[in-house]
Amino acid sequence: EAGVAQSPRYKIIEKRQSVAFWCNPISGHATLYWYQQILGQGPKLLIQFQNNGVVDDSQLPKDRFSAERLKGVDSTLKIQPAKLEDSAVYLCASSLVGRGETQYFGPGTRLLVL
Amino acid sequence: GEDVEQSLFLSVREGDSSVINCTYTDSSSTYLYWYKQEPGAGLQLLTYIFSNMDMKQDQRLTVLLNKKDKHLSLRIADTQTGDSAIYFCAESINSGNTPLVFGKGTRLSVIA
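These protein sequences, in sequence, are chains A and H.
For the first sequence, my numbering assigns the number 72 to the initial residue and increments by one for each residue that follows.
For the second sequence, my numbering assigns the number 756 to the initial residue and increments by one for each residue that follows.
Everything labelled a hint here was simulated from the structure, so no lab data went into it.
You may find that some hints are simply not true.
Think about it this way: if two alpha-carbon atoms lie no more than 30 Å apart in a straight line, the pair counts; the simulated DSS-like pairs of lysine-lysine are [what the hints assert, rightly or not]:
1. A:K82 / H:K823
2. A:K149 / H:K859
3. A:K115 / H:K811
4. H:K822 / H:K859
5. A:K115 / H:K791
6. H:K823 / A:K115
7. A:K82 / A:K133
8. A:K115 / A:K86
9. H:K822 / A:K115
10. A:K154 / H:K791
11. H:K859 / A:K133
12. H:K859 / A:K154
13. A:K115 / H:K825
14. A:K82 / H:K859
15. H:K859 / A:K115
Not close to chain A: a few residues of chain H, all C-beta gaps over 12 Å, as computed [to be verified]:
16. S772
17. L800
18. L819
19. D824
20. R830
21. A832
22. D833
23. Q835
24. T836
25. S864
Backbone N, C-alpha and C fix where the C-beta goes; we use that ideal spot for every residue, glycine too.
Could you build all of it, start to finish, from the sequences and the hints given here?
What follows is the structure in structure tokens.
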């Protein structure tokens with residue numbers, strides 16, 4: 072079974088530029104999460120989708136971050152404009168719908184903002 | 756509120772047992788997880804435990820849960836150099852699909 076796919080794996084941009092990340096979840100997984108992992112810390116949730124609807128985006132900095140999952144499968148996360156503090160690894164995870172279903176993580180996109 | 760605490764570093768000799776500890780604050784947590792992260796990689800689920808269990812064993816891994824003290828531990832028997840990684844404790848609340856709340860991770864170094 073293919074795992075969660077993410078691209079690009081690495082991205083270097085200058086502050087105030089825009090960047091977009093892509094995630095393809097495991098086939099059949101209706102729930103998709105984006106987490107931000109700053110160096111030396113554990114991942115923190117940015118946004119959670121179930122199918123193409125947003126379940127929780129309370130931690131998403133909406134003035135610069137946006138995310139969509141238009142057809143309930145792939146998702147994109149965008150940052151515009153980027154700040155230095157956005158340097159982090161952006162992890163996508165997916166799970167089946169249900170109580171306590173395991174979340175499976177992709178390899179992440181490592182973003183460096185200069 | 757939700758908060759998960761872990762010690763940051765652990766160093767053990769190859770062949771010894773490793774014990775990684777975690778405390779959590781949310782009493783409504785009902786699923787507790789251990790994930791492993793190797794350099795440059797995503798998170799790999801190692802094991803999980805339901806809050807109505809005290810212990811779970813899976814090959815070299817043993818998870819102990821003290822719900823009264825809100826303390827979770829992961830024991831790795833016969834630790835190998837390939838076990839060197841960062842180990843994250845995470846909790847979630849039993850209300851359907853809920854996001855995980857992670858600790859900062861414990862960096863395990865195995866000395867040959």
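So, going through the hints one by one against the coordinates:
Between K82 of chain A and K823 of chain H the alpha-carbon distance is near 44 Å, which puts this suggested pair outside the 30 Å criterion. Annotation: proposed proximity of K149 of chain A to K859 of chain H holds, straight-line Cα distance about 25 Å (limit 30 Å). With a C-alpha separation of about 26 Å, the suggested pair K115 of chain A and K811 of chain H falls inside the 30 Å cut-off, and the hint holds. Of the pairs offered as hints, the one joining K822 of chain H and K859 of chain H holds, with about 21 Å between alpha carbons and a cut-off of 30 Å not exceeded.
Using a Cα cut-off of 30 Å, the hinted pair K115 of chain A and K791 of chain H holds, with the two alpha carbons roughly 16 Å apart. Proposed proximity of K823 of chain H and K115 of chain A is supported: the alpha carbons are some 26 Å apart, at most 30 Å. This hinted pair checks out: K82 of chain A and K133 of chain A have alpha carbons roughly 21 Å apart, not beyond 30 Å. Pair hint K115 of chain A plus K86 of chain A holds up; C-alpha atoms about 22 Å apart against a cutoff of 30 Å.
Annotation: proposed proximity of K822 of chain H to K115 of chain A holds, straight-line Cα distance about 24 Å (limit 30 Å). Proposed proximity of K154 of chain A and K791 of chain H is supported: the alpha carbons are some 29 Å apart, at most 30 Å. Between K859 of chain H and K133 of chain A, the direct Cα distance comes to roughly 25 Å. Compliance with the 30 Å bound is thereby established for this hinted pair. For the hint linking K859 of chain H to K154 of chain A, the alpha-carbon distance of about 23 Å falls within 30 Å, and the restraint holds.
About 21 Å separates the Cα atoms of K115 of chain A and K825 of chain H, which keeps this hinted pair within 30 Å; it holds. For the proposed pair K82 of chain A and K859 of chain H, the alpha carbon gap of about 24 Å is at most 30 Å, so the pair holds. Between K859 of chain H and K115 of chain A, the direct Cα distance comes to roughly 10 Å. Compliance with the 30 Å bound is thereby established for this hinted pair. Distance check for S772 of chain H against chain A: the nearest CB is about 24 Å away, which clears 12 Å, and the non-interface claim stands.
Annotated as non-interface, L800 of chain H brings its C-beta within 12 Å of a C-beta of chain A; the closest such distance is 6 Å. In this structure L819 of chain H is separated from chain A by more than 12 Å, as the shortest Cβ-Cβ distance comes to about 19 Å. With a minimum CB-CB distance of about 21 Å to chain A, D824 of chain H clears the 12 Å threshold, and the non-interface call stands. Remark: the non-interface label on R830 of chain H is consistent with the geometry, its nearest Cβ contact in chain A lying 21 Å away (cut-off 12 Å).
Residue-level check passed: A832 of chain H sits 23 Å from the nearest beta carbon of chain A, beyond 12 Å. Every CB of chain A is more than 12 Å from the CB of D833 of chain H (nearest about 26 Å), matching its label as outside the interface. Chain A leaves Q835 of chain H outside its interface by the beta-carbon criterion, the shortest separation being 23 Å against a cut-off of 12 Å. For T836 of chain H, the condition that its CB be more than 12 Å from all CB atoms of chain A holds, with the nearest at approximately 22 Å.
The claim that S864 of chain H lies off the interface holds: its Cβ sits roughly 16 Å from the closest Cβ of chain A, which is beyond the 12 Å cut-off.
Checked against the numbered hints given earlier, this structure breaks hints 1 and 17; the rest are met.
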